[in-house]
Amino acid sequence: MSEQHTEMAPAQPSSEQASQEMLSIRGLVTSYGQIEVLHDVDIHINSGEIVSLVGANGAGKSTLLMTISGLQPTDRGAVSFEGKDLAKIAADQRVADGIVQVPEGRQVFKDLSVHDNLLLGAYTRGKTPEIMDDLERMYTKFPILRQKRHNLAGELSGGQQQMLAMGRALMAKPRLLLLDEPSMGLAPLIIEEIFNIVKELKEEGITIFLVEQNASQALALADRGYVLETGKVVIEGTGQELLSNEKVREAYLGM
Amino acid sequence: MLAEFLQYLFTGITIGATYALIALGFTLIYNASHVINFAQGEFLMIGGMATVSLTAMGVPMVIAVVLAVILAGVLGIALQRFAIAPAKQADVVTLIIITIGASIFIRGIAQVVWGKEYHVMQNFSTDQPIQVFGAVLNSQSLWVLGIGAVMVVALVLFFTKTLIGKAILATSMNKEAARLVGIRTQMVLMLAFMVSALLGSVAGIVVAPITFTSYDIGIILGLKGFVAAAIGGLGSGVGAVVGGLALGIVEAMAAGYISSDYKDAVAFSMILLVLFFMPRGLFGAKVVERV
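Residue numbers (the numbering used here), protein chains in the order written: chain D, 1 to 255; chain L, 256 to 546.
Just chain D, same shape as in the assembly:
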């Protein structure tokens, strides 16, 4: 396994980067007990981008997202959001600040109704009248959820649960949306629908960090991408660069 960090694209001019940088991860190390999972990870996400993170099962992708959300503690390194260090910011405050995650495997609240799942998405926003407008907007974006709003979330199909999980996250009014394997276990047609929604969200101005094993589609969509291997970023570049990279093609696109 290659150890060195293959820098693909010449780094963008740093002044431009700094002005629009939304999330910055530097030298991040995190572990489960004694086992170090992420080693010295550097990733940055600019405002308005879709950034994809691809990598095999167990590379540490979900761990990275949990660290950004504040559910997994950092051992070393720094994560900052819009210039603010997140070290002392609790998970609920990060949601309120606009960092919202759609976790792997949907994780909807199975025994609550679709409607209640969406309302809980807005939990950090308190009681404002706009929440009902946003709820209406979610039902327009995902008509199937309107149809099933009185059903228990556990009764929905996988694709519908994915939409519910995304709708729930959107109810928090995210500025940075973390998507963990949204295509996992879904039929190709549904995957396409999900990716179309991701594109729409970008057009609405939401910055997106997309973690996927489905590398070809994730990279085709992305402005930039990173490849994570056993807890290290091994390749980074624009989506197109990664798609045409020999190593990526071989390891992740099966070509």
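Simulated from the structure, these hints should not be mistaken for lab results. Treat each hint with caution, since some may be false.
Unchecked claim - Among the chain L residues that face chain D by a calculated CB cut under 8 Å, a handful are:
1. K421
2. A422
3. M428
4. N429
5. A432
6. R434
7. L435
8. G437
9. I438
Note that the coordinates shown come from a computational prediction; the quantities given were computed from them, not determined experimentally. Quick reminder that beta carbons are idealized off the backbone N, C-alpha and C, glycines included.
Start from chain D and add chain L according to the hints.
Only chain L this time, still in chain D's reference frame:
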């Protein structure tokens, strides 16, 4: 014949309603944390004893009850903050043992403060029993049933109509997802302990005129409540209520038709029997716990 049966039934439903309230307390904390809180019975003791001692000091009954319930609520929060929360890395079994330790501690303090003797609390209203088809119904039984029903309805409304109630349910279903929508799960746990303590203390207060109260009633009442929760299926609210009533009625029938010596034995035989044939209890979840 009928009078006798009705008599046992009234007794059973009354004590069963108390068991149901205790069982609901177990259920709430179990759902929020998978911990079985063996200090649940102490909330009943605190409710009853505090009310008795406050009224003895001349505080009017209503105010004494309110203060006793608040005291229990504060105790519930303290139990979570100072005994459960500091051990957050510990596994569930350790936490359960902590609750046993906490119950012994609370009982010890109560013994020092209130002494070892039994205390009598007067009925809320008239001492005059009500005659129904030849059976005697203690007026306090109506208070137990009425307040029990109000508590159950209030709980149902809390969990179905309020966002914070739904947040507790969401946390019990999926803690990680709850944290990802910004629910502070420690706060939810604290709330679960507080509500359990409120339920327990109310049960302890309304039943005190019937059973008397003392520093150590929490042990047996807590265990009976746990049996009721397990019979109903741990984690099920409906199960807690049905389990509580069933246990109360079976116990009263056994005490009446066989002998009151066997009253407690019946409760514990019942849990063995139900769990033998229905390991998840009457209303327990069918699914296997996910990793």
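Hint by hint, here is what the structure shows:
| no. | hint | result |
| --- | --- | --- |
| 1 | K421 | holds (5 Å) |
| 2 | A422 | holds (6 Å) |
| 3 | M428 | holds (5 Å) |
| 4 | N429 | holds (5 Å) |
| 5 | A432 | holds (4 Å) |
| 6 | R434 | holds (5 Å) |
| 7 | L435 | holds (5 Å) |
| 8 | G437 | holds (3 Å) |
| 9 | I438 | holds (6 Å) |
Checked against the numbered hints above, the structure breaks none of them.
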